[in-house]
Structures are given as structure tokens and as C-alpha cells.
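Make the full structure from the sequences, and use the hints.
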Amino acid sequence: MFAAALLSACEPPQPPHLQQGTLLPSAKPVADFNLIDDKGESFTLKDLQGRWTFAFFGYTHCPDVCPTSLSMLAKVMARLRQEENLPSLPRGLFVSVDPARDTPATLANYVKYFDADFVGVTGKSQQLHTLTRQLGILYAKSGGDSADDYLIDHSAAIILFDPRGRFYALFNVPHDPDKIASDFMLIRNYYEASE
Amino acid sequence: MRFLLALLALTTGMVSADGGLAVQNAWIREAPPGASMMAAYLTIDNGSDQDNALVGVSSPTFPRIMMHRSETVDGIARMQHVERIALPAHGSVELAPGGYHLMMATPDPQPVAGERVALTLHFADGGEQQVMAPVKKKP
Ligand SMILES: [Cu+2]
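For the record, the sequence lines run as chains R and Z.
Each residue of the first sequence is one higher than the one before, counting from 1 in our numbering.
Each residue of the second sequence is one higher than the one before, counting from 1 in our numbering.
Errors might be hidden in some of the hints.
[Claimed, not checked] No farther apart than 27 Å at their CA atoms in a straight line, the calculated lysine-lysine pairs in the DSSO-like style are these:
no., chain 1, residue 1, chain 2, residue 2
1, Z, Lys136, R, Lys28
2, R, Lys112, R, Lys75
3, R, Lys179, R, Lys75
4, R, Lys179, R, Lys124
5, R, Lys112, Z, Lys138
6, R, Lys75, Z, Lys138
7, Z, Lys137, R, Lys39
8, R, Lys75, Z, Lys137
9, R, Lys39, R, Lys179
10, R, Lys179, R, Lys112
11, R, Lys124, R, Lys75
12, R, Lys39, Z, Lys138
13, R, Lys141, R, Lys124
14, Z, Lys136, R, Lys112
15, Z, Lys136, R, Lys46
16, R, Lys141, R, Lys112
17, R, Lys28, Z, Lys138
18, R, Lys39, R, Lys124
19, R, Lys39, R, Lys75
20, R, Lys112, Z, Lys137
21, Z, Lys137, R, Lys179
[Unchecked claim] Among chain Z residues calculated to face chain R with C-beta under 8 Å, some are:
no., residue
22, Ala22
23, Arg29
24, Pro33
25, Ser36
26, Thr72
27, His81
Just so you know, the hints here were simulated from the structure itself, not pulled from any lab data.
Values in this document were obtained by computation on a predicted structure and should not be read as measured data.
Backbone N, C-alpha and C define an ideal beta-carbon position, used for all residues, glycine too.
This is the structure we're talking about:
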């Protein structure tokens, strides 16, 4: 009895069974990057730390997939706001992969429409790439009639960073807000038990 | 009752006059303030024996309406222009978030939730149908 209790106390916690998310086999540290947020201030790895972060990559000229994903993420936040066992809400981050057209002011108007706590960031191509290539996020211009009328193909996954700013899990499409919210609670409990 | 049905047909945009085509549930997604593009969605039932296609959409509110298709393949979301959307005989085609949609530049002033916008659908057989599409905040 005593031995069994001792054993279970020492056993590492088992990764949770998730409905929609995929946990990385081990949390992946992210090398620093330097982006700009929707207030025009610098946004670096340090700004990912201290809280969980859900990140989605897209562009504001996208009227179909991106608003659908951000509405979905806003619903995840609404579910998590009702969780009593959650001391602080994850950050919702929209990373624009279209710095040529998405200014900080454009981003602020855009993301706050979906959730007042969402943060928009973008940055120089090279700095965006520094972040996205560490996450397996892909994007490329496609089509369009002129130099400033183009579309961007982009990864549709949502990335979850842990409060240490490490790449911790990802959510592939199709996204369901209830499943993502309940997966998040499982992930968070697992993280708390493992740290 | 007949009056009620007629009213229902008017309010939902369900008009099945032209070659058995019925356009339903048209709506326009309200754009965040300052967003450059908007999208619209609807369902077309082709109750006739003839294949048809949607070949264009026009509106007094939007100078240019494009037909697009979003598609997520291997985790990558992409949008493509389409010239026509096939409407097979006795079939139904849904323009819905994440798939076929109408895409247009946001006009100034920006249409907001609660407003209604006229859209005229142009079909391959030369037919046209007008629907009133309400602007809605979210799906
Ligand atoms: Cu589009």
C-alpha cells in the first residue's frame, strides 16, 4: 500500500489523451525573434513568457479563413474565461505574415474586433521567418492582379506556447473551440504536474 | 398562409423562378473595422434538369465581386480565384466559410451588421437572381 503510493508519487505524469491537439514529444525551446506588436512596440521571445499563448498565422486581407479561425479562437477564450481553475487566461496572438500591408494600426483594429485581449504582431520578413521556421509554419504569396493585390497561402494550425515560451503543442484543422478548450485544460494540468 | 409563404420567400431570398434555381441563406460577414476585404456566403439549389453554373455576382454596394475557393490541404490554407461554380442538375452547392465564397473589397462606408445588401447572381444560362444578403457579425 505504502509502496504503491510511493511509486505513483514518483511516476512521471502520463501525457493526456487529446481530442484535437498534438503535444510535442518534448517542449521545444524557441530561439529569440524580434517582431512588432499592434501598439508598434517590439515583441520578442520574452513577451511569450509568463503566460500560455495560442498563436495563429494569417493576414488581414484574408476575409474567409482568418476571420473564421479568429472567431473560433475567441470562442476558446470565452470557454476558458469560465474555467474556475485557471488563474490566468492564455494570450491570443495573431501573427500577420503580410508585413507589407498589415501595419500595427491595421492589426490592432483587426484582432481587437474578435477579442479585446488578442494581440497582433508582425515584423520584417526575416524576423517572421526566424519564428515561423521553428514552428513548421509555412506561408507564401500566391496569385493576385498587381503588386499589392495578392493572396497568401499559409499554415492553418494553431500553435500553443507554454509559459516558458516553448513550442508545446499544436492544433491542426478542423478546429473545434470546445475540444481545444478542454484539450488546453488537460495540457495545462499535465504541464503543472510535470514541471 | 400564402401571404406568409411569400413573405418568407422574400425575407430568406428563396426565389425559385428562374429555371428551378433557389438561392438561400445569403449573408455577408461583417468585417473588422478597417479590414480591406469582406466575404459573402449563400446556398444555391438547382432543382432543374439542366446543369448550370454561377458565373458572376454583382452589387451596387461592391464594385467588384470575385468568386473564390478556400481549401486547406496538408495543413496549408489557400484561396483561389474561380471563374465559375458548377451547379449540377438536382444538386445543391453551398458557399460557406472555409470553402467557396464571394470576396470583395470593403466599400466606404463599411457595411455593418444589421444592414442588408443586394447581390445579383449571374448564371451560365443567362439567368439572373437578386437576393438581399444581411450583414452578420459572425457565423
Ligand atoms: Cu477569398
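Which hints from the list above does the structure break, by number from lowest to highest? 1, 4, 9, 11, 15, 17 and 22
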